[in-house]
Amino acid sequence: DTEVTQTPKHLVMGMTNKKSLKCEQHMGHRAMYWYKQKAKKPPELMFVYSYEKLSINESVPSRFSPECPNSSLLNLHLHALQPEDSALYLCASSQILGGNTIYFGEGSWLTVV
Amino acid sequence: GQNIDQPTEMTATEGAIVQINCTYQTSGFNGLFWYQQHAGEAPTFLSYNVLDGLEEKGRFSSFLSRSKGYSYLLLKELQMKDSASYLCAVRPNTGGFKTIFGAGTRLFVKA
Chain A
1 DTEVTQTPKH LVMGMTNKKS LKCEQHMGHR AMYWYKQKAK KPPELMFVYS YEKLSINESV
61 PSRFSPECPN SSLLNLHLHA LQPEDSALYL CASSQILGGN TIYFGEGSWL TVV
Chain B
1 GQNIDQPTEM TATEGAIVQI NCTYQTSGFN GLFWYQQHAG EAPTFLSYNV LDGLEEKGRF
61 SSFLSRSKGY SYLLLKELQM KDSASYLCAV RPNTGGFKTI FGAGTRLFVK A
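Protein sequence lines correspond, in order, to chains A and B.
Going by this note's numbering, 23 is the number at position 23 of the first sequence; the sequence numbering is gapless.
Going by this note's numbering, 34 is the number at position 34 of the second sequence; the sequence numbering is gapless.
For reference, chain A alone in the conformation it holds in the complex (with noise of 0.2 Å):
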């Protein structure tokens, strides 16, 4: 199982809104990756985790807060967005921390109204 999964696939929301996103993967992998993708734009590195713990965090507006609640789950709680927020929200694990393999999961779709 080289899968990661993303729920959900397309989400709508309005800017008072409170959402989440939500991934998971089951390869035993160590660091988990959240990245914003942009049409027709490479995917940005929002925040990595590393042993549940937050590693890295690329400056990203507190609008935005990552949580690991285990080995397995990353989530993206989402509040008050702004429409220009709206764009693919890429998951992405690998075995440990600058591991050579980063599996993407196919994504979610954020719109923000």
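Because the hints were derived from the structure by calculation, they are not lab data.
Every residue, glycine too, gets a C-beta built ideally from N, C-alpha and C.
A couple of the hints might just be wrong.
Stated by the list, open to error - Label-pair restraints from in silico Cβ distances:
id, chain 1, residue 1, chain 2, residue 2, range
1, A, Arg-63, B, Leu-51, 36 to 46 Å
2, B, Ser-65, A, Thr-101, 14 to 24 Å
3, A, Gly-14, B, Gln-19, 44 to 54 Å
4, B, Gly-28, A, Met-27, 25 to 35 Å
5, A, Gly-98, B, Ser-65, 19 to 29 Å
6, B, Gly-28, A, Asn-17, 40 to 50 Å
7, B, Gly-58, A, Ala-80, 40 to 50 Å
8, A, Thr-101, B, Thr-8, 25 to 35 Å
9, A, Gly-14, B, Glu-56, 25 to 35 Å
10, A, Thr-16, B, Ser-67, 45 to 55 Å
11, A, Gln-95, B, Met-80, 46 to 56 Å
Go by the hints and put chain B onto chain A.
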């Protein structure tokens, strides 16, 4: 700063060979990745190079020259399904194993 350059678009014919180049300037080097991304889908890992030379995997090969800050992805026997964006990504030596992605090369395979 960190910079990764690759052509924006390329077109090739089914059955042919295409080479997608990538040059990079980063703070140190700790590996280079190639990913394939179909429109609306997640990137899929293709290859990883950390030492100079050619890595071959079926129809795809990736080459690295660290002294030149240069890599290429070679796709042989092109198929229509190879039409996708190809992302070059570099892991610098700093920043806790971050991976920085290039803007990608959109490859169009025509019949």
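Here is what the structure says about each hint:
no., hint, result
1, Arg-63/A - Leu-51/B: 36 to 46 Å, "holds (42 Å)"
2, Ser-65/B - Thr-101/A: 14 to 24 Å, "holds (22 Å)"
3, Gly-14/A - Gln-19/B: 44 to 54 Å, "holds (47 Å)"
4, Gly-28/B - Met-27/A: 25 to 35 Å, "holds (28 Å)"
5, Gly-98/A - Ser-65/B: 19 to 29 Å, "holds (22 Å)"
6, Gly-28/B - Asn-17/A: 40 to 50 Å, "holds (42 Å)"
7, Gly-58/B - Ala-80/A: 40 to 50 Å, "holds (47 Å)"
8, Thr-101/A - Thr-8/B: 25 to 35 Å, "holds (27 Å)"
9, Gly-14/A - Glu-56/B: 25 to 35 Å, "violated (50 Å)"
10, Thr-16/A - Ser-67/B: 45 to 55 Å, "holds (54 Å)"
11, Gln-95/A - Met-80/B: 46 to 56 Å, "violated (33 Å)"
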